[in-house]
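2 protein chains.
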Amino acid sequence: MARVLTPQAEDFPRWYQDVVAKAELAEPGPVRGSQVIRPVGYAIWERMVDEMDARIKAAGAENVSFPLLIPESYLRREAQHVEGFSPELAVVTHGGGKPLDEPVVIRPTSETIFGEFMAKWVQSYRDLPLLLNQWCNVLRWEMRTRLFLRSAEFLWQEGHTAHATEADAREYARKILHEAYEDFMVNVLAVPVTVGLKTVRERFAGATRTYTLEAMMRDGKALQMGTSHELGQNFARAFEIDYLSAAGKQEYCWTTSWGSSTRMVGGLIMCHGDDSGLRVPPRLAPIQAQVTVVKHGDGALAAAAKLRDALRDAGVRVGFDERVDIPFGRRAVNAELRGYPVRVEVGPRDLAAGNVILVRRLDGSKTPVNMADAVGAVVAALESDQQALFDEADARRVQHTEDVRTLANAIEAAGVGFARLPWAKVGTAGETKANELGVSVRCLIRPDGSVPDSEDEKGLIAYLARSY
Amino acid sequence: MARVLTPQAEDFPRWYQDVVAKAELAEPGPVRGSQVIRPVGYAIWERMVDEMDARIKAAGAENVSFPLLIPESYLRREAQHVEGFSPELAVVTHGGGKPLDEPVVIRPTSETIFGEFMAKWVQSYRDLPLLLNQWCNVLRWEMRTRLFLRSAEFLWQEGHTAHATEADAREYARKILHEAYEDFMVNVLAVPVTVGLKTVRERFAGATRTYTLEAMMRDGKALQMGTSHELGQNFARAFEIDYLSAAGKQEYCWTTSWGSSTRMVGGLIMCHGDDSGLRVPPRLAPIQAQVTVVKHGDGALAAAAKLRDALRDAGVRVGFDERVDIPFGRRAVNAELRGYPVRVEVGPRDLAAGNVILVRRLDGSKTPVNMADAVGAVVAALESDQQALFDEADARRVQHTEDVRTLANAIEAAGVGFARLPWAKVGTAGETKANELGVSVRCLIRPDGSVPDSEDEKGLIAYLARSY
Chain A
4 MARVLTPQAE
14 DFPRWYQDVV
24 AKAELAEPGP
34 VRGSQVIRPV
44 GYAIWERMVD
54 EMDARIKAAG
64 AENVSFPLLI
74 PESYLRREAQ
84 HVEGFSPELA
94 VVTHGGGKPL
104 DEPVVIRPTS
114 ETIFGEFMAK
124 WVQSYRDLPL
134 LLNQWCNVLR
144 WEMRTRLFLR
154 SAEFLWQEGH
164 TAHATEADAR
174 EYARKILHEA
184 YEDFMVNVLA
194 VPVTVGLKTV
204 RERFAGATRT
214 YTLEAMMRDG
224 KALQMGTSHE
234 LGQNFARAFE
244 IDYLSAAGKQ
254 EYCWTTSWGS
264 STRMVGGLIM
274 CHGDDSGLRV
284 PPRLAPIQAQ
294 VTVVKHGDGA
304 LAAAAKLRDA
314 LRDAGVRVGF
324 DERVDIPFGR
334 RAVNAELRGY
344 PVRVEVGPRD
354 LAAGNVILVR
364 RLDGSKTPVN
374 MADAVGAVVA
384 ALESDQQALF
394 DEADARRVQH
404 TEDVRTLANA
414 IEAAGVGFAR
424 LPWAKVGTAG
434 ETKANELGVS
444 VRCLIRPDGS
454 VPDSEDEKGL
464 IAYLARSY
Chain B
4 MARVLTPQAE
14 DFPRWYQDVV
24 AKAELAEPGP
34 VRGSQVIRPV
44 GYAIWERMVD
54 EMDARIKAAG
64 AENVSFPLLI
74 PESYLRREAQ
84 HVEGFSPELA
94 VVTHGGGKPL
104 DEPVVIRPTS
114 ETIFGEFMAK
124 WVQSYRDLPL
134 LLNQWCNVLR
144 WEMRTRLFLR
154 SAEFLWQEGH
164 TAHATEADAR
174 EYARKILHEA
184 YEDFMVNVLA
194 VPVTVGLKTV
204 RERFAGATRT
214 YTLEAMMRDG
224 KALQMGTSHE
234 LGQNFARAFE
244 IDYLSAAGKQ
254 EYCWTTSWGS
264 STRMVGGLIM
274 CHGDDSGLRV
284 PPRLAPIQAQ
294 VTVVKHGDGA
304 LAAAAKLRDA
314 LRDAGVRVGF
324 DERVDIPFGR
334 RAVNAELRGY
344 PVRVEVGPRD
354 LAAGNVILVR
364 RLDGSKTPVN
374 MADAVGAVVA
384 ALESDQQALF
394 DEADARRVQH
404 TEDVRTLANA
414 IEAAGVGFAR
424 LPWAKVGTAG
434 ETKANELGVS
444 VRCLIRPDGS
454 VPDSEDEKGL
464 IAYLARSY
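Residue numbers (the numbering used here), protein chains in the order written: chain A, 4 to 471; chain B, 4 to 471.
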C-alpha cells in the first residue's frame, strides 16, 4: 500500500501536518494564522464542547456572550495584562466607512470587558460568587502559527468568576481545574495530564497564580491543555469590582479566569495518533463505529443497515459507508486516517458464514464476529479501547519522564521527554538558562503530587520539557 | 403592586427595552452596537441553537468553522455583494503592532470565504452537493442598533451549499426554509410565520432569489426571522466553484446560503411577551417549570425538592427557587419577567391540605393541585400552553392582516398590521412609494399560500408592513 503519511519517527511535525491535511481536519485560511476547521475536525471539537460544557455547568457557571470588540483603553487598566497582550493585538480603526474615534481591538481574551460588567452586576455579598463562562473566538496575532496548536484566531471557552474571598476564588479555580478540565482530559480524551502550578515567569499576564494541565505528546514535548488562573484583586481594583460585605463594609472581589481551546484537538492528534492517522478515544469520537459495506450482493447492504440501526439503538454513534463505487482499500485508509475507534465490515463472503469483521483502530486487529453478537462486541471494544488508549499514553509518559538531579541533566532529558527534579535545583536563574536553550518549566507539583499554592513552598518538584 | 414594565399599549419600544433590561436578558456593550447577552438571554439562545442545529444536521449539512477575518479583496469579487456590504464593514488595519499589507474586514457574512474554499474542495460531480453550516459571530456596522433586533455584532448560523444544478440548489434552499426554519419557528417558538419570496429590491446582495419567514410582532410590525437564498452562479463564477460533470464537462456550481440569528430572541419577546414580561413557549424554555418554596417550615423545602426531582425524572427542565430571604412577591415578579411557562408554589399552608399551587404564565391562572398529581398537571399544562401560545399569536396575525385593493389602503393598513393585496397592484413603482412612507413589501406568496419562484408569476399576493 502506498505511504499515506510521513512516519512519526521520520519527521514528527511533518506527520502532524500530513494528518491534519489528509484526514481533512483543517487547513490554513487566507489571512495569516487563520484556519478553516473542516467537518471532520469540527465534529471532534463539537464533542469536546458538549462534554466540557456539561462539566462547566455542573460546576455552577452560566454561559453568556460578550462582545468581540474591546476598547483599547480597557486593556491599559491592568498593567501586566496590557504588557502581555499588546504585541498580539489586531486593531480595528475603521467602521462603517469612517475612522473610529477610539481604536478598538479584537478580544485576545476577555478579563477586561468581563471586569467592566461584573463591576455593575456585583453590588452585595448576595451577588457572589458570580460564575460566568463563554464559548467564543479570540484572536492573537502570533508570529509562528500551526493549525490547532497555535493559530491567530482560535475557538475556546473562557470562564470569568468573582468571589468574596481569596479562599473561595482559589477553591473555584481549582474546582474547574480538576472537575472540569482534568476529569474531561483523563476520562474522555484519554490523555494523562500533569496538573500543577506555573512558575511566576510562566503565569498568565495579570494573574497571581496560574494552574496548568500538561500533556506529553508522542515526540516527548509538552502541550499545555488548559489553564485556570487566580487573578487576586488585580482586575477587581482596575475595574472597581467591589461589594458590600455582610458586615457592611465595601470590599474588592477576588476573581478567576480559566480557558481551554481548539488546541486540545492538536493535543488529541499528537497524543494518540499513529502512522496510519488519528486514533480518537471512543468516549469522544463523533463516530464510534463505522459500518462499512464491503460490496453489495447477497443482502450485505440490508444486513449492514440493520446492524447500523441496532448499534444506534444501543446508544453507539454510528457512521455508515456504503460507497462501494470507491475502492474498498481507499475507504479503509480513510477510516484509519480519521481514527474511528471501530469499523465493522459487512460483506457477502463473511455474511455467508453469519459473520461480520470487527476492526479495532487501537491495534488494527480484525476479528470475525457472529452477526448476532456484533452489537455486544462493538460496545465491549469501545469500552476496553478507551482504557487501553489511556494506559498506552500513560505508560509512554512514565517511560519518558526522567528523574534527574541537576539542571544540566534536566535540559538534556528534555530533549526526549519530561525531566523531573527539585525546583530548588532550578530556581529563577536556572529557569532563565533553560529557556535560553528552548526548555521551559512546565509546572511545579508537591512531592505527593498535589498542586502547590506558591512556588516558594518547600520541596516542590519541577517538570521541565520542550513544548508546543 | 408597583409597575415593573412600561405597558405595551403605552409605548411598545419602551416596553421592549424594559423587558430586555428587567428580565436581565442583555445590555449594551461599550463599543457602539455591541451587546452583552446575560445568562437568562443566553440560555434562550442556547435552546434555539440546540433545536436548530438538530434540524440543520437532519437536512444533511455539516458544521465547520471559517475565519473571522476576510481579505477585503474577496468581497470585491462579487459586484452586488460588495455594494451591499461595504457601508457596514469594520476594517482591521493593524496586527501585531504593524500596519497590515492588505486591510482585512471582520466578516459581515461569509459567502466569499466559503466560495474560495468550496472552489478547492469541489472537483467532480461526486463532491456535490456540498452542504456546510457554521455557528459564529458576524459584524455589520449599523447606524441604528437595538438589542437582539439589530446589533452590530450578532450570533447566528450561516449555511453555505454548492450544487450541480439549479433545481437541486432551489430544492435545498427551500428544504432549509421549511424543514429547518419554519418547522422550528412554528413548532418550537410557537411563532406563526408567513413564508414567501422577497422582491428583487429586498433580496440579499448577490442572490438571485431570497426566501423569507416573516412574523408579526404584537405592535403589528413585521420581523424577518430568517432567510434562505439561491445565489445562482454568481458566487460560483466569482470564486471559480466548478466541477467535472458525469458527462465530462466543466460546469459552474449553483450555490445557496441561509441564516438565522439572535434576532429570533427579539422576535420571541415581541411575539409572546405581555405587560408582565416574557412568555417563553414550553418547548423552547430553558426552565419549563420553576419550583418555588413559598416559605420554609412543615416540610415545604423537602416536598419541593422531591417534586423537583420527580419533574426532572419526567423529562421536565426544572428551576428551583428556595431563596426565602427574598420577598415572595419579588420572586414571583421575577419569574413572570423571565417567562417560565409554569411555576409550582410549594408552601406550608397548601401542603397541609396536600396541595401545591400551579401557576401558568400563559394566563396567570393559579390552580391548587394535589401533590400526587403535580407532575402530570405540569406536563399537561406545558403541552397545552405551547399550543395556546401559538393559537393566540396566530389569531392576532389573522386579525391584524387586512385584505386591501389599493396601495393607498395597504399603506394605511400597514400602520397597524399586515396588508395583503395583489402584487400587480403594487409593482416596483408602488414599492418605491411605500418605502418612502416607511412601509416595505415583506414577501410575495402564491394564491394557494405556496412560495413563488419569481415575482413575475401571475396572481401573486404581496404582504406589506412596517418592519424592524
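Just so you know, the hints here were simulated from the structure itself, not pulled from any lab data.
Be aware that one or more of the hints could be misleading.
Just so you know, same-sequence chains aren't split out, so a pair can sit in one copy or run between any two.
[Unchecked claim] The list that follows gives simulated cross-link-like pairs (lysine-lysine, DSS-like), each with its CA atoms no further than 27 Å apart:
#1 Lys-123 x Lys-25
#2 Lys-369 x Lys-25
#3 Lys-309 x Lys-60
#4 Lys-60 x Lys-101
On a predicted model such as this, the values are computed, not experimentally measured, just so you know.
Here's how the hints hold up against the structure:
no. : hint             : verdict
1   : Lys-123 x Lys-25 : between (49 Å within a copy, 14 Å between copies)
2   : Lys-369 x Lys-25 : within (24 Å within a copy, 62 Å between copies)
3   : Lys-309 x Lys-60 : between (37 Å within a copy, 22 Å between copies)
4   : Lys-60 x Lys-101 : neither (42 Å within a copy, 40 Å between copies)
In summary, the structure is inconsistent with hint 4 from the numbered list given earlier, while agreeing with all the others.
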